[in-house]
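Residue numbers (our numbering), protein chains in the order written: chain U, 1 to 199; chain L, 1 to 93.
Rather than coming from a laboratory, the hints here were simulated on the basis of the structure.
Among the clues, some could well be false.
[What the hints assert, rightly or not] Derived DEER-like restraints, expressed as beta-carbon distance ranges:
(1) U:Ser7 - L:Ala44: 30 to 40 Å
(2) U:Leu40 - L:Ala66: 21 to 31 Å
(3) L:Arg76 - U:Tyr91: 39 to 49 Å
(4) U:Gly144 - L:Trp16: 44 to 54 Å
(5) L:Gly50 - U:Leu40: 53 to 63 Å
(6) L:Ala69 - U:Tyr132: 50 to 60 Å
(7) U:Gly144 - L:Ala64: 50 to 60 Å
(8) U:Ala123 - L:Arg57: 53 to 63 Å
[To be verified] Chain U regions said to be covered by chain L (calculated; three or more residues, Cβ under 8 Å):
(9) 32-46
(10) 160-171
Note that beta-carbon positions come from the ideal geometry of N, C-alpha and C, so glycine has one too.
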Amino acid sequence: MDLIAASPLWVLARATGVVLLVLLTLVLSLGVATSAGLRLARVPRFAVQLLHRDAALLALALLVVHVGTVVADGYVDVGPLAALVPFTSGYAPVWVGLGALALDLLLALVVTSLLRARLGQRAWRAVHLLAYATWPLAVVHGLGAGTDGTSPWLLGLDAACAALLLAALGVRTATRAARRAEADATAPRRPLTPAGAPR
Amino acid sequence: MSGRRPAADARLTVDWTACEGRGVCAELLPEVLTTDPWGYPLPAGPGPDGTPRPWPRRDGLPVAPASVADARRAVRMCPRLALRLEEDARRRA
Chain U
1 MDLIAASPLW VLARATGVVL LVLLTLVLSL GVATSAGLRL ARVPRFAVQL LHRDAALLAL
61 ALLVVHVGTV VADGYVDVGP LAALVPFTSG YAPVWVGLGA LALDLLLALV VTSLLRARLG
121 QRAWRAVHLL AYATWPLAVV HGLGAGTDGT SPWLLGLDAA CAALLLAALG VRTATRAARR
181 AEADATAPRR PLTPAGAPR
Chain L
1 MSGRRPAADA RLTVDWTACE GRGVCAELLP EVLTTDPWGY PLPAGPGPDG TPRPWPRRDG
61 LPVAPASVAD ARRAVRMCPR LALRLEEDAR RRA
């Protein structure tokens, strides 16, 4: 309680960092599910896609709070520019820089996704693959820049997030392999008629 | 935005080289689209002889005014940007 009274902004900065770890893991896992066209139990694909989008927008909003509180608190020497320009921070330039890099990438991901119809699929996808770099950057930033970075509970949370992500990637790989096997098994036996012709 | 007003004549077309049969469009437009066994979109409802209807060859699939808003959303959300809605409200005015 004393700590909160002493520096509520700093506490908020740490808390949003932890929530962002979980949220960004969810965003990436839902993105992996979207790219595989997976349905989660009974949740239709479009809903998985919307969840992915909304969670990402929520993460961006939280990121504004996270950065804003760190800068405003002044407990550590991180200027407003250092939050956007990597490796210019006075405090822990490398660790904070990785976070700034993750922020820049997330911004690029969100902006290009909002403009996907104008950009075209290829350009959008090329940028969107950067999501796989954003997550590790954010996680490593949390390990080094955070004051809780190496505490057992946060390391445990890191491990749980990594496990969730690996599970999502595993399910996607398995789903794609199963679809390919099914396509291989059914293709030769089906006549080459237009889709939907009577079977 | 001219795209916001109800269209007198809206037609849905698919870029078949881009479509991967993810099936998001059929989820969002069940009254217009269904899917074939591989997930690719087909016009909803059986044809005259009870078999699935084929995709219209040239003009695209007509979309009723009540479904146009959903069709726009399906176009926006297509994971491959393979769906297009042509709205001809202006030409008729």
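Hints versus structure:
no., hint, result
1, U:Ser7 - L:Ala44: 30 to 40 Å, "violated (59 Å)"
2, U:Leu40 - L:Ala66: 21 to 31 Å, "holds (29 Å)"
3, L:Arg76 - U:Tyr91: 39 to 49 Å, "holds (42 Å)"
4, U:Gly144 - L:Trp16: 44 to 54 Å, "holds (49 Å)"
5, L:Gly50 - U:Leu40: 53 to 63 Å, "violated (34 Å)"
6, L:Ala69 - U:Tyr132: 50 to 60 Å, "violated (34 Å)"
7, U:Gly144 - L:Ala64: 50 to 60 Å, "holds (57 Å)"
8, U:Ala123 - L:Arg57: 53 to 63 Å, "violated (31 Å)"
9, 32-46, "holds (count 6)"
10, 160-171, "violated (count 0)"
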